[in-house]
Amino acid sequence: MATKPDIQPLLLGLKIRHHRLRKGLSFQELSRSSGLSVSYLNEIEKGKKNPKPEKLLHLAKALNIPPQELQEPTLEGPLKPVEDLLKSNFLREIPFHLFGIELHKVVDIISQAPKRVSAFISTLVELARHYSLREENFYFGALRAYLEMHNNYFEELEREVERFRQEFQIEIRPGQGADPVQKLQGILKHEFGFELVENGLDPWPELYRVRALCIPHKRQLLIQSRLNPTQRAFQIGKELGFQFLQLHQRAYTASLFKVESFEHVLSHFKAGYFSAALLMPKSEMTKDIRKFLHAKTFGPEDLLQWLYRYPATGEMFFQRLTNLLPQAFGLKNIFLIRVLYLPHRKKKGGIFQVDKELHLDRQHHPHANQLDEHYCRRWASIHLIRRQISEKSKTSLADLRRVQFYNTREEYLLLSIARPPYRPKGRLAAIELGILLDKKSRKKFNFPLQNIPLTIVNKTCERCPIENCNERAAAPRLVKEKLERKKMFERIDQLLKQ
Numbered sequence: 218m219a220t221k222p223d224i225q226p227l228l229l230g231l232k233i234r235h236h237r238l239r240k241g242l243s244f245q246e247l248s249r250s251s252g253l254s255v256s257y258l259n260e261i262e263k264g265k266k267n268p269k270p271e272k273l274l275h276l277a278k279a280l281n282i283p284p285q286e287l288q289e290p291t292l293e294g295p296l297k298p299v300e301d302l303l304k305s306n307f308l309r310e311i312p313f314h315l316f317g318i319e320l321h322k323v324v325d326i327i328s329q330a331p332k333r334v335s336a337f338i339s340t341l342v343e344l345a346r347h348y349s350l351r352e353e354n355f356y357f358g359a360l361r362a363y364l365e366m367h368n369n370y371f372e373e374l375e376r377e378v379e380r381f382r383q384e385f386q387i388e389i390r391p392g393q394g395a396d397p398v399q400k401l402q403g404i405l406k407h408e409f410g411f412e413l414v415e416n417g418l419d420p421w422p423e424l425y426r427v428r429a430l431c432i433p434h435k436r437q438l439l440i441q442s443r444l445n446p447t448q449r450a451f452q453i454g455k456e457l458g459f460q461f462l463q464l465h466q467r468a469y470t471a472s473l474f475k476v477e478s479f480e481h482v483l484s485h486f487k488a489g490y491f492s493a494a495l496l497m498p499k500s501e502m503t504k505d506i507r508k509f510l511h512a513k514t515f516g517p518e519d520l521l522q523w524l525y526r527y528p529a530t531g532e533m534f535f536q537r538l539t540n541l542l543p544q545a546f547g548l549k550n551i552f553l554i555r556v557l558y559l560p561h562r563k564k565k566g567g568i569f570q571v572d573k574e575l576h577l578d579r580q581h582h583p584h585a586n587q588l589d590e591h592y593c594r595r596w597a598s599i600h601l602i603r604r605q606i607s608e609k610s611k612t613s614l615a616d617l618r619r620v621q622f623y624n625t626r627e628e629y630l631l632l633s634i635a636r637p638p639y640r641p642k643g644r645l646a647a648i649e650l651g652i653l654l655d656k657k658s659r660k661k662f663n664f665p666l667q668n669i670p671l672t673i674v675n676k677t678c679e680r681c682p683i684e685n686c687n688e689r690a691a692a693p694r695l696v697k698e699k700l701e702r703k704k705m706f707e708r709i710d711q712l713l714k715q
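The numbering used here puts the last residue of the sequence shown at 715; the count rises by one with no breaks.
Note that these hints are calculated values from the structure, not bench results.
Please note that a few of the clues may not be correct.
What the hints assert, rightly or not - Straight-line alpha carbon distances no greater than 25 Å define the calculated PhoX-like cross-link-like pairs of lysine-lysine that follow:
1) K304 x K322
2) K297 x K322
3) K573 x K549
4) K504 x K549
5) K508 x K699
6) K240 x K266
7) K297 x K278
8) K565 x K676
9) K475 x K573
Said to hold, decoys possible - Ranges of calculated distance between the beta carbons of each label pair, as one might list FRET restraints:
10) N445 x T503: 20 to 28 Å
11) Q225 x H367: 31 to 39 Å
12) N685 x E477: 48 to 56 Å
13) D519 x N685: 13 to 21 Å
14) H314 x L274: 29 to 37 Å
15) T503 x Y525: 16 to 24 Å
16) N687 x S610: 49 to 57 Å
17) Y525 x I568: 26 to 34 Å
18) T503 x F316: 24 to 32 Å
19) K657 x E293: 54 to 62 Å
20) F409 x T340: 41 to 49 Å
21) T503 x Q386: 16 to 24 Å
22) K697 x S442: 29 to 37 Å
Every value quoted in this text rests on a predicted model; they were computed, and no experiment measured them.
Using N, Cα and C, we set each Cβ at its ideal position, and we do this for glycine too.
Kindly produce the complete structure, drawing on both the sequences and the hints.
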């Protein structure tokens with residue numbers, strides 16, 4: 218587990234480096250005058266060593282500065298902005314270690330032009346405030362970047378799941394229709410000392426959004442009554458993940474309503490990955506993916522039948538596919554987005570939001586928009602949600618189509634699943650998995666892709682110039698503004714040339 222770095226050695230290192238360079242001393246020259254080795258001086262400047270007082274006296278004498286200058290844990294002058302940044306949460310909370318970056322290297326870059334970098338970061342912070350971005354938005358953004366860097370596949374977690382499976386002799390075979398709750402509940406109770414309290418959250422209506430709550434001092438896991446067996450199995454598997462992986466830096470609610478650190482976000486992800494891999498074994502899922510790719514035909518009903526083979530929701534199922542499609546089959550250009558529908562009294566047709574997204578290999582076209590724009594109503598996820606509403610369906614719906622983003626040549630195979638609401642008139646959700654169809658990926662599919670319906674889509678209505686669109690939910694305001702600006706600058710250029 219990574220801990221927040223102690224900034225005092227970093228501040229001292231910056232101060233010594235500043236005085237050494239100001240006097241034009243090399244490491245070798247400072248080494249001779251201070252009696253400290255070159256390697257030790259290098260470690261001090263990197264913030265990796267915290268010298269004892271007598272060594273600081275030697276350094277102060279060699280640099281011809283008062284000893285108290287090195288004993289005061291503050292920076293002055295041009296380095297003051299660096300100290301302010303280090304003492305703020307902005308740099309200290311970013312998990313540089315996950316990306317193979319050492320904090321002292323970041324600090325070194327900042328120290329080269331502290332005022333400019335400080336102004337740049339202040340601008341980022343101001344933009345974050347303007348768009349109502351909170352601290353946890355940065356944590357989740359860092360997690361997404363971490364997942365994308367690893368193609369959302371973590372061999373060490375897969376090994377831990379297999380070790381758990383063998384140690385407790387648990388086997389979940391797809392297609393058997395077995396409910397794993399009882400088996401998982403028994404392991405949680407007898408091996409980890411946790412009691413599962415069914416309907417444990419029902420006495421408190423204000424906790425209706427909480428699916429599960431761990432009470433560590435009572436060794437209890439309280440479960441919401443409205444969860445179906447699949448959801449209960451996932452929550453129990455997740456708690457088993459916390460316990461088996463010994464993830465102590467964590468939140469105790471099933472969802473992260475309050476984020477206190479990046480370690481909480483990372484632990485939450487690991488426990489969820491553990492649970493999904495436990496319920497959808499890699500070996501079985503890999504076999505099914507191979508059958509999917511080799512099938513002669515494939516449609517929405519086939520997608521639902523595949524889902525029903527496992528004790529999983531559509532979201533769990535697609536998340537698991539993002540683990541295995543890149544790693545085992547080389548399908549790396551994929552995206553995953555979840556769309557929520559929220560009923561609204563004042564807005565006809567309700568509100569659609571993208572609250573989860575994952576882009577592997579690169580950033581793909583569909584993504585969240587925080588500017589209160591209307592997402593393209595041609596998206597399969599929105600189409601399925603509208604079907605759920607009109608048909609009042611109480612079961613999951615699926616869709617399979619090809620989509621091409623307007624004014625691009627990029628085409629995707631889109632698999633989508635929508636689930637019914639948990640409560641009457643509650644929010645609806647649909648999740649879609651997009652696989653980029655390039656020359657390489659097309660060869661992996663046996664069924665004729667050209668027989669699958671093709672839909673031209675865009676990002677938001679405000680940015681879309683497609684005319685006579687029956688699905689349009691808002692005028693192309695930004696398209697018109699862009700055209701007006703173009704005409705304005707063309708006229709300015711024309712007048713300047715006269």
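Now for the hints, and whether the structure bears them out:
no., hint, result
1, K304 x K322, "holds (17 Å)"
2, K297 x K322, "holds (18 Å)"
3, K573 x K549, "holds (19 Å)"
4, K504 x K549, "holds (18 Å)"
5, K508 x K699, "violated (47 Å)"
6, K240 x K266, "holds (22 Å)"
7, K297 x K278, "holds (23 Å)"
8, K565 x K676, "holds (20 Å)"
9, K475 x K573, "holds (17 Å)"
10, N445 x T503: 20 to 28 Å, "holds (26 Å)"
11, Q225 x H367: 31 to 39 Å, "holds (33 Å)"
12, N685 x E477: 48 to 56 Å, "holds (51 Å)"
13, D519 x N685: 13 to 21 Å, "violated (34 Å)"
14, H314 x L274: 29 to 37 Å, "holds (33 Å)"
15, T503 x Y525: 16 to 24 Å, "holds (18 Å)"
16, N687 x S610: 49 to 57 Å, "violated (22 Å)"
17, Y525 x I568: 26 to 34 Å, "holds (30 Å)"
18, T503 x F316: 24 to 32 Å, "holds (29 Å)"
19, K657 x E293: 54 to 62 Å, "holds (57 Å)"
20, F409 x T340: 41 to 49 Å, "holds (48 Å)"
21, T503 x Q386: 16 to 24 Å, "holds (22 Å)"
22, K697 x S442: 29 to 37 Å, "violated (51 Å)"
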